[in-house]
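From first to last, the protein sequence lines stand for chains A and B.
FYI, my numbering numbers position 547 of the first sequence as 547, with every residue one higher than the one before it.
FYI, my numbering numbers position 50 of the second sequence as 50, with every residue one higher than the one before it.
Just so you know, these hints were derived from the structure itself, not from any lab.
Careful, some of the hints might be misleading.
[To be verified] Per label pair, the in silico range of CB-to-CB distance: (1) Cys-330/A / Val-89/B: 53 to 61 Å; (2) Ser-391/A / Arg-121/B: 49 to 57 Å; (3) Arg-27/A / Asn-158/B: 47 to 55 Å; (4) Lys-160/B / Val-443/A: 50 to 58 Å; (5) Val-241/B / Asp-290/A: 43 to 51 Å; (6) Pro-175/B / Glu-136/A: 58 to 66 Å.
Every residue gets a Cβ at the ideal spot worked out from N, C-alpha and C, and that includes glycine.
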Amino acid sequence: MSVESPGRYVGGEKNQIIKEDVLKELRERGECTAVRTAFCFPDVYEIGMSNLALQILYKLLNSEDYTSCERVFSPWHDMDRKMRENDIPLYSLETKSPLYEFDVVAFTLGYEMAFANVLQMLELGKIPLKSCDRKETDPIIVCGGPVAYNIEPMSDFFDAVFMGEGEELDLEFIQEIKKYKDGGKKDRQAMLREVAKIEGMYVPSLYEPEYSPEGKFIALHPIDDTVPSKITKRIIKDLDSVLYPTAPVVPNNNIVHDRAYLELFRGCIRGCRFCQAGYITRPVREKSADTLLAQGKEIEHNTGYDELGMLSLSTSDYTELAKLTDGLLCAFDGRHTSLSLPSLRIDNFALDLMEKASSTRKTGLTFAPEAGTQRLRDVINKGINEENILSALRLAFMGGWSTVKLYFMLGLPTETMDDVRGIAELAKKIEDLYYDVAREMGVKPRRPEITVSTSMFIPKPFTAFQWEKQNTMEEFLEKQACLRECLKKVRSVRYIWHGVETSVWEGILARGDRRLNDVILDGYKAGSLFDAWDDNFNYERWMGILASHGLSWEMYARGYECGDVLPWDHISVGVSRNFFLKERERAYREEITPNCREKCSACGANCFKTGVCYETR
Amino acid sequence: MRQDDRAAEMTRQQHLTQYVCRARFARKGALSFIGHLDLMKVFERAIRRAELPILYTQGYNPRPMLVFALPLGVGIDTTGDYVDAAMAVPVNAEEFMAKVNPELPQDLEVLSCISIDEPKRSLMSVVTYAEYEIEAPGITEPALRLFARDEILMEKKNKKGKIVSTDIRPLMVKPFEDSTADKVHVLVSAGSVSNLRPDIFIRAVCIHEGYDPDKASEAVITRTALFGGEYPDIEGIEGLV
Ligand code: SF4
């Protein structure tokens with residue numbers, strides 16, 4: 001096969017699951033009674049296989065008799081071409097079944113830039129792209145994941161959308177599909193209506209949008225009163241008792257994050273006002289260290305990986321971190337298994353832990369102050385101040401570290417040029433600190449490596465900044481240029497920045513409405529694919545197509561008024577709109593909001609009756 | 001770590017007593033689509049899953065001490081390759097196979113194994129010849145014509161990136177009698193001193209004998225054996241310790 005990395009198209013990995021029932025159907029053309037799901041990741045194998053949600057749901061959907069699950073990834077350009085030329089339909093890795101043969105085709109959506117790839121996979125899988133064109137025997141196309149919370153720009157292509165955590169919802173949905181399959185797949189519309197009755201399931205075709213004559217989004221109406229007007233996400237209450245894949249599929253070829261994972265907790269206590277991930281996963285629910293220790297040992301044994309990653313939005317906030325890491329290190333003694341501990345808050349404990357446990361030495365320390373001045377850090381509620389950063393770095397430099405990565409955002413609400421310059425000033429202070437520490441310790445300083453990385457702020461749904469205006473391309477570029485100029489004066493700094501164009505486009509998609517469906521379809525037809533890969537992204541083409549539909553950047557990025565109905569208002573993540581509004585006002589007043597463990601701010605997520613909301617403070 | 005770095009590493013560690021399990025393995029199907037570095041990782045992880053008393057390399061990033069006889073290119077099946085696994089205590093061959101085989105992904109299998117106490121030579125250094133079966137429509141006739149030539153110049157990039165011509169004829173030892181019209185079976189030089197990759201051989205058949213490159217790109221290549229020694233006195237890898 002003359003395609004790049006053919007290993008990504010063949011499956012056959014350790015711990016891959018192929019159900020007997022399915023094999024029987026394929027061998028004898030007998031009837032498979034289980035609901036067959038193709039779990040699709042709209043990017044290449046090496047990225048998809050690094051995704052924990054995929055591993056979890058793959059295991060879950062293969063855990064019961066009445067359901068089976070196989071994996072499908074987006075074929076890279078070369079394979080895409082070959083498949084079209086030779087009329088080979090997109091197939092699953094496990095049994096090489098074409099996509100159209102499955103009962104359910106489920107996508108996990110982690111980033112908007114993968115939208116075009118969803119269409120590619122459907123088309124190559126020979127499935128009608130639009131929900132309204134599908135027949136009774138076509139698969140049911142569903143999606144979940146962070147991006148699914150505002151699926152409006154892709155609402156035409158999905159039959160149903162999962163709001164919340166798959167482990168809580170998926171089997172209930174599959175049972176509904178099982179009824180449909182057992183009944184001979186007679187009435188698709190009726191089935192979708194039944195699906196819409198499941199709490200947390202959103203069926204886009206049962207709603208109609210309304211726009212003002214000026215082209216402003218006004219509301220999304222249920223087509224009749226049997227359809228729920230509000231869909232609230234579903235979450236797992238007790239993470240200790242939920243299934244976790246302790247024998248995940250181990251790829252044969254090198255993938256992006258080639259390690260095993262433990263999930264420490266979901267949610268985040270911190271409440272950074274720009275952070276969608278933090279809000280949509282509220283409230284914080286932890287796994288106990290005992291559960292994690294047992295799972296960690298099993299995973300290490302079942303995979304043979306020599307690295308175990310600790311996953312959560314903020315490792316240091318895990319309440320039993322010391323117990324967990326001590327236990328794991330003790331269990332892995334002599335087996336050279338390291339722990340990867342991302343987003344650790346640097347203190348003595350953390351430095352000691354990294355020394356003992358991890359492979360982070362290679363990559364250095366990372367900090368995410370996000371903004372350059374204290375004023376702006378207060379605006380975004382980033383509970384970290386300059387003193388925290390510098391005292392942590394003093395410890396690190398004394399311990400012999402010399403590589404530091406700093407992450408910032410440009411274009412945050414209320415940002416001024418002083419805030420932008422503040423980033424360079426902070427970098428300069430860090431550089432000075434390094435030399436000071438070297439002098440104090442009487443050692444000859446090496447040259448420190450300080451990396452400053454900036455991304456563009458993108459206002460996201462379900463955050464305190466969901467109403468904000470996004471910076472224009474010109475504003476972004478001006479800020480970037482200013483920072484670059486200032487950073488030239490700091491000798492040991494390397495500056496990395498993310499493309500402005502992708503951020504502008506992502507900003508449109510993130511807060512988009514249903515009118516973008518046709519834009520995305522046209523963009524795909526015009527050749528857009530793998531937009532998350534910088535050299536594939538064609539900004540001019542996307543903006544041209546947007547304009548040809550009478551839409552513009554301003555309509556989506558200029559922001560919303562507080563009184564406006566938002567395109568995603570029919571979805572609830574538990575955190576109330578009122579709370580977001582209050583947080584927005586506090587942001588303008590530069591007021592900090594305490595984290596969930598210091599004080600509950602009554603965000604609304606206690607409606608799920610679990611987690612940090614019910615801890616004794 | 002690169003293969004030769006690892007070999008060097010092993011030499012450095014010779015103060016450690018090593019008990020080597022030398023395994024002959026086969027790969028096909030899905031496993032043939034991965035590169036050599038990936039194959040090494042697949043073996044490392046399988047041996048870790050098998051919980052054998054494997055030794056680890058020293059240094060910052062310790063890895064199970066495995067040495068492969070000869071890298072296997074993407075797309076090449078094998079029925080006769082070798083890997084040495086260095087153990088801290090003696091592990092008998094049956095135990096090695098019984099523990100490792102269930103841990104290997106499908107399409108990869110240990111066929112046989114011998115235990116060697118304290119080998120004197122690195123596995124890589126003993127390989128001098130490899131046997132390949134190349135299956136493609138009508139390839140045998142032009143391939144045999146190629147063997148009839150005295151000199152076969154092939155261009156390749158040297159280490160500095162300059163294109164140089166080398167004669168590959170001395171690396172082509174002989175075709176075997178059992179070749180059929182669509183399957184040619186050959187013995188060629190292999191190993192760290194002089195090595196002829198099967199894809200280069202096929203390309204030579206195309207360039208010098210006019211074989212269709214499209215057919216060539218569909219060729220199924222299987223490495224069927226590795227040997228040490230000096231032709232015609234070649235010997236199996238098992239005994240070369
Ligand atoms: S209800 Fe209170 S404790 Fe619970 S997530 Fe919201 S702010 Fe945090």
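Hint by hint, here is what the structure shows:
1. Cys-330/A / Val-89/B: 53 to 61 Å: violated, 23 Å
2. Ser-391/A / Arg-121/B: 49 to 57 Å: holds, 56 Å
3. Arg-27/A / Asn-158/B: 47 to 55 Å: About 52 Å separates the Cβ atoms of Arg-27/A and Asn-158/B, which means 47 to 55 Å holds.
4. Lys-160/B / Val-443/A: 50 to 58 Å: violated, 40 Å
5. Val-241/B / Asp-290/A: 43 to 51 Å: The hint (43 to 51 Å, Cβ to Cβ) holds, given that Val-241/B and Asp-290/A are roughly 48 Å apart.
6. Pro-175/B / Glu-136/A: 58 to 66 Å: holds, 60 Å
Comparing the model with each earlier hint shows violations of hints 1, 4; every other hint is respected.
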